[in-house]
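There are 2 protein chains.
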Amino acid sequence: MTQQFWNGDVDELLRVGTRTEGGTRTRTGTGTGTGTGNGFDLAAIDPASTPGTTANKKAGQAELAASAQELRELQERLFAQSRAGAPDRVLVVLQAMDAAGKGGIVNHVFAQLEPHGLQLTAFKSPTEEERAHDFLWRVAPRVPGPGVIGLFDRSHYEDVLIQRVREFAPPEEIERRYGAIVEFERGLAESGTRIVKIMLHVSPEEQAERLGDRLADPAKHWKYNPGDVDERQKWPEYMAAFQLAIERTNAPHAPWFVVPANSKWYARVAVQRIVIAALRGIDPQWPSAEFDVAAEQARLAATAGLRWPG
Amino acid sequence: MTQQFWNGDVDELLRVGTRTEGGTRTRTGTGTGTGTGNGFDLAAIDPASTPGTTANKKAGQAELAASAQELRELQERLFAQSRAGAPDRVLVVLQAMDAAGKGGIVNHVFAQLEPHGLQLTAFKSPTEEERAHDFLWRVAPRVPGPGVIGLFDRSHYEDVLIQRVREFAPPEEIERRYGAIVEFERGLAESGTRIVKIMLHVSPEEQAERLGDRLADPAKHWKYNPGDVDERQKWPEYMAAFQLAIERTNAPHAPWFVVPANSKWYARVAVQRIVIAALRGIDPQWPSAEFDVAAEQARLAATAGLRWPG
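If you're matching them up, the sequences are chains D and P in order.
For the first sequence, full-length UniProt numbering begins at 1 and goes up steadily by one.
For the second sequence, full-length UniProt numbering begins at 1 and goes up steadily by one.
If you're looking for bench data, these hints aren't it; they were derived computationally from the structure.
Using N, Cα and C, we set each Cβ at its ideal position, and we do this for glycine too.
Please note that a few of the clues may not be correct.
[As the list claims (entries may be wrong)] Where chain P lies over chain D, by a calculated footprint (3+ residues, C-beta under 8 Å):
| no. | segment |
| --- | --- |
| 1 | 11 to 17 |
| 2 | 114 to 121 |
| 3 | 210 to 217 |
| 4 | 232 to 245 |
| 5 | 266 to 275 |
| 6 | 278 to 288 |
[Stated by the list, open to error] Label pairs and their in silico Cβ distance ranges:
| no. | chain 1 | residue 1 | chain 2 | residue 2 | range |
| --- | --- | --- | --- | --- | --- |
| 7 | P | E70 | D | P87 | 36 to 42 Å |
| 8 | P | E129 | D | D134 | 41 to 47 Å |
| 9 | D | R176 | P | E173 | 48 to 54 Å |
| 10 | D | E167 | P | E173 | 53 to 59 Å |
| 11 | D | S191 | P | D217 | 44 to 50 Å |
Assemble the whole structure, with the sequences as input and the hints as a guide.
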């Protein structure tokens, strides 16, 4: 199924800083920035493209359903091995413009996971208390523990995206944050966290259509915020902020993936595949029993006569 | 679909303190206990029964899948209306002996929900810090906020179940806790929480089979704990503790449901139906727009020419 659907390694194709042929046009480069993303060019990635596959929506939806089982088994192994002390865990960071499909990714990809092993955090505008602390203060307690897949729906990257565009923090503070993020993520990686950072990349035309749909449907009004149009008007500034954030914080231990997201079905299978690749990279194993199996079978057998009510 | 599958109102059939004919044999009564469960008799409920339906496993699995959509829509409405200030939320408490199927309920029923609106807490043996506080100290911060479905996989009821059976707390302290729980849950209910407390009820024979399966499969060893057999040996004491906990804490604002759980498929559809009934009871509504829809459509239209890269 997967072999037929994907004609390339989408995990590599969408990863920033990887040389690719065709598909996305991410350029490889070296540079002096904090991150390893120099040479990356967001403007060269077509939000309507579907790198790695020539399939259509119907096949995409079938692939999404068919790969759920592998995703779940990998997750269960990850969770199981942590019970025996393995430190591995996964952190997925999801960033995007409004209406780019984050909600759909959560409900169609991450909803395939077992709830026990998923820790989802939706970061909102910081509260007064949060603003009184360093920007990472509210993030640190939400990183996943061993065996868990953590999902950040928005994240500490808001602090170099909207905060940059809206000038909520002075330029030198924004500048400081890129380095702070790299160090923060390095610490997570060194304690066993496989980090995957995903930008869902839509075009402004596609966003307009989706916001229009929300306005047209009373059951979707609650998803609409007048501020969405305010932010939309700053599109070039946001893209510049994404470009810079990706350049400065891309790292081997915390790579960025730019996922073309005009096609919802494509973004979903691509994210599913990226998460599966991260789990395969960990290659989690069922832990061996920390007890004597035969002895336990005997103890259990000795209780075989138990009846209730007696 | 639902009409054909259920031949009774399973939400009522399984609710403690409701008079029922056939199916479960929960007796109705009145009493002087803290709760309204006097007259309830756990021993009269057959763990192998399937109250409310004469269907088989295949039909049960079909029903579970078919009702996912209603469950999700109700959940989305609950979440949506909270954005506009509605206080309603749901707390599901799940209690059971080991291997009774809690994990399956989480992975087959609650996994149907949208992750954003589900808050799952698995309560483990209390830590040293938790033991230094009142038993509700660790529970209070985990109750769901508006719009959220909270699921407690084990809960404050452990403090009157294993703690009673194992005498981890003196009898007068256990006695105090029933009343404390009733008051705690009353406070939750008064702030908009619909509480549903579920005991998955298996027979000791069924448990032996499931524990044996875990011991026979290396991929399931991580789910097995030698302590499971120790607790199993105290089966009558546990059932007495459940009986008492249910009697003393059943209340109109926080009812108990005893779900026969020897058939996994039955327990899953029954729990799904109980949660759906709780959500229907709230009857959540799409909130009306807090903005001028036409004005927003005009603002959006004014940005129609936006292109990027420009």
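Okay, the hints, checked on the actual structure:
Using a Cβ-Cβ cut-off of 8 Å, 0 residues of the segment 11 to 17 of chain D lie near chain P, which falls short of the minimum of three, so the contact claim is violated. Interface restraint, the segment 114 to 121 of chain D with chain P: holds (5 residues with C-beta to C-beta distance below 8 Å; minimum three). Residue count for the segment 210 to 217 of chain D with a Cβ under 8 Å from a Cβ of chain P: 3. That meets the three needed, and the coverage hint holds. With 5 residues carrying a beta carbon less than 8 Å from a beta carbon of chain P, the segment 232 to 245 of chain D meets the three-residue requirement, and the given coverage holds.
For the segment 266 to 275 of chain D, the assignment as covered by chain P is violated, since 0 residues bring a beta-carbon within under 8 Å of that chain's beta-carbons and 3 are needed. Judged by the Cβ-Cβ criterion of 8 Å, the segment 278 to 288 of chain D is covered by chain P as claimed, because 3 of its residues qualify and three suffice. The hinted window of 36 to 42 Å between P:E70 and D:P87 holds, with their beta carbons roughly 41 Å apart. Between P:E129 and D:D134 the beta carbon distance is about 26 Å. The supplied range of 41 to 47 Å is therefore violated.
Taking the beta carbon of each, D:R176 and P:E173 are about 52 Å apart, inside 48 to 54 Å as hinted. At about 57 Å, the beta-carbon gap between D:E167 and P:E173 stays in the expected band of 53 to 59 Å. Separation of D:S191 from P:D217 is about 31 Å and departs from the stated range, judged on CB atoms against 44 to 50 Å.
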